[in-house]
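For the record, the sequence lines run as chains Y and P. The opening position of the first sequence corresponds to residue 1 in the working numbering, with each subsequent residue numbered one higher. The opening position of the second sequence corresponds to residue 93 in the working numbering, with each subsequent residue numbered one higher.
Think of the hints as simulated: they come from the structure by calculation, not from any bench. Predicted, not measured: the structure shown is a model, and the values here were computed from it. All C-beta atoms, glycine included, are put in the ideal place defined by N, C-alpha and C. Honestly, I wouldn't trust all of these hints.
[Claimed, not checked] In silico EDC-like links for lysine to aspartate or glutamate, alpha-carbon gap of 20 Å or less:
hint, chain 1, residue 1, chain 2, residue 2
1, P, K144, Y, E70
2, P, K148, Y, E70
3, Y, K15, P, E172
4, P, K149, Y, E70
5, Y, K50, P, E172
6, P, K165, Y, E70
7, P, K149, Y, E80
8, P, K148, Y, E80
9, P, K141, Y, D72
10, Y, K73, P, D177
11, Y, K54, P, D103
12, Y, K57, P, E172
13, P, K165, Y, E60
14, Y, K56, P, D177
15, Y, K56, P, E172
16, Y, K54, P, D164
17, P, K146, Y, D72
18, P, K146, Y, E70
19, Y, K15, P, D164
20, P, K107, Y, D72
21, P, K142, Y, E80
22, Y, K73, P, D103
23, Y, K52, P, D164
24, P, K165, Y, D72
25, Y, K52, P, D103
[Unchecked claim] Derived contacts from chain P toward chain Y, CB cut-off under 10 Å, selection only:
hint, residue
26, R104
27, M106
28, S112
29, S114
30, P124
31, V130
32, G133
33, R136
34, L147
35, D154
36, L155
37, I158
38, S167
Protein chains: 2
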Amino acid sequence: MYVILFYDIADRSMKEKDNSRSIRKAVEKYLPRVQYSVFEGEIRPSDLKKLKAKLKKECEHDLDSIVIYEFDKPSYTRREVIGIDKNEPLFS
Amino acid sequence: MYVILFYDIADRSMKEKDNSRSIRKAVEKYLPRVQYSVFEGEIRPSDLKKLKAKLKKECEHDLDSIVIYEFDKPSYTRREVIGIDKNEPLFS
Chain Y
1 MYVILFYDIA DRSMKEKDNS RSIRKAVEKY LPRVQYSVFE GEIRPSDLKK LKAKLKKECE
61 HDLDSIVIYE FDKPSYTRRE VIGIDKNEPL FS
Chain P
93 MYVILFYDIA DRSMKEKDNS RSIRKAVEKY LPRVQYSVFE GEIRPSDLKK LKAKLKKECE
153 HDLDSIVIYE FDKPSYTRRE VIGIDKNEPL FS
């Protein structure tokens with residue numbers, strides 16, 4: 001399956017413990033980073049389940065937001081970046 | 093066509109002029125907001141062109157990042173939110 005994951009992690013100043021690094025590391029274990037806060041790629045359903053469990057544990061549920069879109073296959077016709085473009089597209 | 097748009101707008105403290113409101117307003121004119129930084133919905137190609145032109149103008153290209161995924165039709169099988177869930181799914 002194919003996944004696009006966006007996250008919006010609140011600033012460390014609002015938290016007791018900075019979780020941004022642990023969240024980024026958890027996602028990077030399974031998905032390539034395509035922008036500062038955007039990851040996408042093929043993932044096994046069993047790995048996605050593990051990733052979600054980890055994120056549910058690490059996330060501060062009243063401050064952070066992680067959005068995961070699941071697809072049967074990569075189906076977008078185009079990805080366009082305005083502003084900082086951290087990486088080239090994975091496919092085109 | 094169907095679009096998922098994600099933005100990561102740098103904090104106003106880094107800028108001469110705060111552009112976060114103008115960027116949000118520009119996107120909201122065309123797309124429903126589904127999370128704090130995520131918008132998605134049907135859009136006419138001509139409107140998407142207008143929106144991109146506006147965002148290219150408003151965006152601070154070395155600080156902000158806006159990522160637009162374009163689809164022929166809504167094709168994700170699932171959207172899952174971990175943490176703050178601002179809205180219910182548009183379809184399921």
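Verification of the hints:
1. K144(P) <-> E70(Y): The given pair, whose Cα atoms are some 25 Å apart, is violated under the 20 Å limit.
2. K148(P) <-> E70(Y): violated (28 Å)
3. K15(Y) <-> E172(P): violated (24 Å)
4. K149(P) <-> E70(Y): violated (32 Å)
5. K50(Y) <-> E172(P): Holds, at about 14 Å.
6. K165(P) <-> E70(Y): holds (14 Å)
7. K149(P) <-> E80(Y): Satisfied, since the Cα-Cα distance of roughly 15 Å is no more than 20 Å.
8. K148(P) <-> E80(Y): holds (11 Å)
9. K141(P) <-> D72(Y): Given that 20 Å is the threshold and the Cα spacing comes to 28 Å, the pair is violated.
10. K73(Y) <-> D177(P): violated (25 Å)
11. K54(Y) <-> D103(P): violated (28 Å)
12. K57(Y) <-> E172(P): Answer holds: K57(Y) to E172(P) is near 15 Å, not above 20 Å.
13. K165(P) <-> E60(Y): violated (33 Å)
14. K56(Y) <-> D177(P): With a Cα-Cα distance of about 13 Å, the restraint between K56(Y) and D177(P) holds, given a limit of 20 Å.
15. K56(Y) <-> E172(P): Judged against 20 Å, a Cα distance of about 11 Å means the pair holds.
16. K54(Y) <-> D164(P): Violated - the C-alpha atoms of D164(P) and K54(Y) are around 33 Å apart, more than 20 Å.
17. K146(P) <-> D72(Y): violated (33 Å)
18. K146(P) <-> E70(Y): Violated, at roughly 29 Å.
19. K15(Y) <-> D164(P): violated (40 Å)
20. K107(P) <-> D72(Y): Status violated; Cα separation ~40 Å.
21. K142(P) <-> E80(Y): Satisfied, since the Cα-Cα distance of roughly 14 Å is no more than 20 Å.
22. K73(Y) <-> D103(P): Violated, at about 35 Å.
23. K52(Y) <-> D164(P): violated (28 Å)
24. K165(P) <-> D72(Y): Measuring from Cα to Cα gives roughly 14 Å; hence the hint holds.
25. K52(Y) <-> D103(P): violated (28 Å)
26. R104: violated (13 Å)
27. M106: violated (12 Å)
28. S112: violated (13 Å)
29. S114: Status violated, d = 14 Å.
30. P124: Hint violated; P124(P) Cβ to chain Y Cβ min 14 Å, cut 10 Å.
31. V130: holds (5 Å)
32. G133: violated (14 Å)
33. R136: violated (15 Å)
34. L147: Where the cut-off is 10 Å and the nearest Cβ of chain Y is about 5 Å from L147(P), the hint holds.
35. D154: holds (7 Å)
36. L155: holds (7 Å)
37. I158: holds (4 Å)
38. S167: At 4 Å from the nearest chain Y Cβ, S167(P) passes the 10 Å test, so the hint holds.
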